[in-house]
Amino acid sequence: MSVVTRFPPSPTGFMHIGNARTALFNWLYARHTGGTFLMRIEDTDRERYSKEAVEVILDGLRWLELDWDNKGEIYSQYENRQRHIDVANELLAAGKAYYCYCTPEELERMRETARAEGRSAVYDRRWRDRGPSEAPEGVKPVVRIKAPVDGFTVVHDKVQGDVKVENKQLDDFILLRSDGTPTYMLSVVVDDHDMGVTHVLRGDDHLNNTFRQNVIYDALEWEKPTYAHLPLIHGPDGSKFSKRHGAQSVAEYREMGFLPEAMRNYLLRLGWSHGDEEIIPTDRAVELFELDGINKAAAKFDFAKLESLNAHYIKLASNERLMGLLDTEYQKRGLKLTPVTLKWIFLGLDDLKDRAKTIVQLADEASFYAIAPRSFNDKAQKALADSAEILPGIRTLIESAPDFSAEPLEQAFRDFAARQADGKLGKVIMPFRAALTGATTSPPIFKAAEIMGREETLARMDAAMA
RNA sequence: GUCCCCUUCGUCUAGAGGCCUAGGACACCGGAUUUUCAUUCCGGCAACACGGGUUCGACUCCCGUAGGGGACGCCA
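Each residue of the first sequence is one higher than the one before, starting from 83 at the first, in the working numbering.
I should point out that these hints are in silico values taken from the structure, not numbers from a laboratory. Take these hints with a grain of salt, some might be off.
Unchecked claim - FRET-style restraints, in silico, Cβ to Cβ:
hint	residue 1	residue 2	range
1	L540	S355	51 to 61 Å
2	T263	R437	51 to 61 Å
3	G375	D244	17 to 27 Å
4	P318	V221	20 to 30 Å
Claimed, not checked - Below, simulated BS3-like cross-link-like pairs (lysine-lysine); rule was C-alpha separation at most 30 Å, straight line:
hint	residue 1	residue 2
5	K382	K439
6	K178	K228
7	K461	K439
Each residue gets a CB set at the ideal place from its N, CA and C atoms; glycine is no exception.
All chains should be modelled from the sequences, with the hints used to inform the complete structure.
Below is the structure:
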């Protein structure tokens with residue numbers, strides 16, 4: 083039987099990093115097995131629903147390059163609501179579900195009692211065996227399922243193993259609300275069944291729900307999917323990953339200059355492993371991804387490791403792609419690139435990309451090509467001042483160099499340093515670097531000079547000396 | 001409170017009873033390379049939560065304790 087997985091986010095307005103990993107795992111498993119990866123939006127909560135919120139999720143998925151099948155169609159839980167209602171009515175007709183006329187106040191009291199008595203099940207099943215003839219006037223009932231009262235239920239989970247819970251911990255939960263709309267618990271089961279989902283990979287926080295969902299599967303005599311509950315991602319301090327830990331949504335990571343393939347590699351290794359392999363590009367991940375490589379314990383998010391992976395993938399990225407990324411980054415900054423500066427950056431990229439951990443950093447480091455320094459930082463000023471007396475000599479060097487390319491230029495500087503600066507290379511190179519970039523750190527400076535050419539180099543030198 | 005899950009270096013993890021003197025990666029510290037900063041390369045520091053069992057032998061199996069997390073909605 084072919085594998086069918088699914089990713090069912092609710093449109094909350096942003097794509098949480100944990101959800102992104104869930105999507106990745108579902109996608110990988112489908113791709114690995116040659117199965118199908120489906121997309122469904124859990125949009126039954128109409129108050130929260132908006133088209134924009136859905137788009138945000140889809141954008142996140144597209145950015146991560148996790149494509150879904152079924153010709154790109156997206157299932158809508160809301161659109162299937164009639165089917166969910168029909169199923170509930172079937173259960174009602176079969177005597178496997180019943181109307182419950184409890185008021186919210188009654189329920190609240192039951193909750194208090196349950197808690198006081200140290201029970202986890204809340205509802206006391208008072209309407210389970212009463213007929214609708216006893217129904218109070220004017221109360222709209224909910225539909226509840228008849229869950230097993232005795233014994234225990236076991237969930238066979240691919241990650242957590244066999245998890246056993248006593249049935250008395252569960253109560254007769256709601257299928258249809260008093261306004262007739264289906265609850266999440268019912269809808270997931272029906273949709274998963276109708277979509278032919280064979281493997282449910284989702285966050286650990288759903289493990290408890292699984293017991294309830296299985297009650298529905300059993301009542302309907304449907305075959306249950308294979309479950310794999312993924313451990314959660316925690317913040318660096320071990321608590322739930324929240325705003326104060328930094329970026330929560332994939333969109334923010336994109337903003338910060340992370341590459342999607344780096345995100346995928348990092349997220350994959352957060353909770354999944356294959357021996358000692360660390361650098362796992364996506365095609366390799368598809369080849370290797372098995373459920374038994376999933377770890378059971380929650381993992382803490384580590385920005386430093388993400389950055390190091392990102393640096394790795396930046397080095398691998400083509401200069402053409404990097405140019406595109408830089409272009410959008412500079413647009414955000416309102417910095418306009420001319421055909422000339424564009425070319426300079428492109429030529430400088432081989433040196434630049436070895437140094438950056440993020441696209442944002444890359445843009446920072448490349449920006450001296452785009453704009454001549456308008457000011458000099460403290461260290462640069464000092465370098466310029468310390469070498470004030472030999473600045474004219476450096477200028478002449480630039481002006482008269484017979485071959486304005488990196489190596490001969492460097493040789494000329496070395497010779498000059500030997501003659502005019504007691505052999506101290508730094509004394510001539512640092513002010514030169516400062517003049518060209520406005521800073522005392524930069525990519526190899528003679529290469530940069532070669533790229534910008536004699537004219538620009540001279541102009542910057544003059545500006546620095548002014 | 002009740003139920004469920006988890007626990008190896010600071011972090012992500014390898015480890016399926018002897019292969020473990022517990023391995024790798026990131027971070028950190030040192031060194032080499034280098035015109036700067038990086039990169040790269042070499043080296044170092046650093047962990048089986050605790051207590052009981054089982055076994056000839058336990059990081060690996062069992063029980064308990066502690067700590068962490070999750071779930072207990074007419075939300076999803």
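Now for the hints, and whether the structure bears them out:
no., hint, in the structure
1, L540 to S355: 51 to 61 Å, "holds (55 Å)"
2, T263 to R437: 51 to 61 Å, "holds (56 Å)"
3, G375 to D244: 17 to 27 Å, "holds (19 Å)"
4, P318 to V221: 20 to 30 Å, "violated (50 Å)"
5, K382 to K439, "holds (20 Å)"
6, K178 to K228, "holds (6 Å)"
7, K461 to K439, "holds (23 Å)"
Of the numbered hints stated above, the single one contradicted by the structure is hint 4.
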